[in-house]
Amino acid sequence: MHEMGIAMNLYRTCRAEVEKHGSGRMQKVRVAIGELSAIDPELLRFAWEATVENSDAGCELEVDWRRAVQYCPQCEAIKPRAENSWLMICPDCGSPLRVEGGYELDLLEITFESESDSGENPA
Amino acid sequence: MSQIEVNRRLLSENDQAAQFLRDKFRRSGTLVVNLISSPGSGKTTLLEATVARMAGDYRLAAIEGDIATERDAERLRRQGIPARQIVTGGACHLDARQVKAELEKGDWGDPDILFIENVGNLVCPTSYDLGEDFKVVVLSVTEGDDKPFKYPGIFARAWISVISKIDLLPYVEFDVDAVRAQVRALSSEARLLLTSARTGEGVDEWCALLSERVKEKKRR
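If you read the protein sequences in the order shown, they are chains A and B.
By the numbering used here, the letter at position 60 of the first sequence is numbered 60, and the numbering carries on one by one without gaps.
By the numbering used here, the letter at position 127 of the second sequence is numbered 127, and the numbering carries on one by one without gaps.
Worth flagging that the hints you see were computed from the coordinates, not collected in a lab.
Any given hint could turn out to be false.
[Claimed, not checked] To spell it out: a stretch of chain A is covered by chain B in this simulated footprint if at least three of its residues, at any positions, have a beta carbon under 8 Å from a beta carbon of chain B; those stretches are:
{"id": "1", "region": "3-13"}
{"id": "2", "region": "22-31"}
{"id": "3", "region": "36-44"}
{"id": "4", "region": "47-60"}
{"id": "5", "region": "77-89"}
Every residue gets a Cβ at the ideal spot worked out from N, C-alpha and C, and that includes glycine.
Isolated chain A (complex conformation):
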């Protein structure tokens, strides 16, 4: 369970970004999590809720779940596999497969209510 540490790190990074763009309350944070990144999205959401509770309560954490793919260099194609299972070798040609992607652990986007937005709309 290291999701708490990740959530806190994410929170500090987000707040720093928001401060650079004029400050305000965060509404939504979007992250990409890969299936090989050793992060459980549900635990991360749970940790996120606790982390933002005092400053940005209700800020949603949206997780883009990124699966790893198994690619066959011989067939030059991605070989589909069932969730939570892995192919030993290429089912079509028997070659060893290459695992690609799935390590994502990225902050993608922050949506926030900018303090300058709350005043009179200049337009």
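Chain B: place on chain A using the hints.
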């Protein structure tokens, strides 16, 4: 409502510290090995056997990560190498900032190989880059032969998968070929080594691989 596109690694604080360590170890020509496994797979015992074989030719050092106690660092100090203990007090992994802080506590000289023995856990340490040259996962035969597919993250990322305690193979159901096939499916580059620190089997091969990598690092 405003939107900022960030597109930045979530562990950026850890990654910065890891980059600092990587630069430092490049300058000093230190090979850094991050050892990961579940508790009790024999990481420290493998290191003891490694020290017994390599300490004559190389300057070795170790950082030991554990939730509590100094035991592992003490075991390695008894073998005659500098070893420091990071007690995480509950945290399930080491992060690069802790390693950096430990190194900043005082100079060690520049070891040829620094072993970082992570907290026993097959999940969380996987996410944290410690500035290492490569990760090693240790799997003992008593843990069962289904582990690579159950913990794909670490087995996909480790450059060496060490199967430990193979002297117990006659007594447990453990299909080495099944593990080999799983490891190969997750990483086409991974090496699989079969070892027993007790009988010494495979330990020379492990030391030879390390020694090859140290020389390679020193040449760069």
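Given coverage of the region 3-13 of chain A by chain B, tested with a Cβ cutoff of 8 Å and a minimum of 3 residues: holds (count 6)
At a Cβ distance under 8 Å, does chain B reach at least three residues of the region 77-89 of chain A? As far as the region 77-89 of chain A goes, the hint holds, because 5 residues have Cβ atoms under 8 Å from chain B.
Count residues of the region 36-44 of chain A with a Cβ under 8 Å from any Cβ of chain B, then say if the count reaches three. holds (count 4)
Mind taking a look at whether chain B covers the region 22-31 of chain A? Criterion is 3 or more residues with CB to CB distance under 8 Å. Coverage by chain B holds for the region 22-31 of chain A (4 residues, Cβ < 8 Å).
Taking 8 Å as the C-beta cutoff, is the stated coverage of the region 47-60 of chain A by chain B satisfied by three or more residues? Three-residue rule not met by the region 47-60 of chain A, so violated; n is 0.
Consistency with the previously given hints fails for number 4 only.
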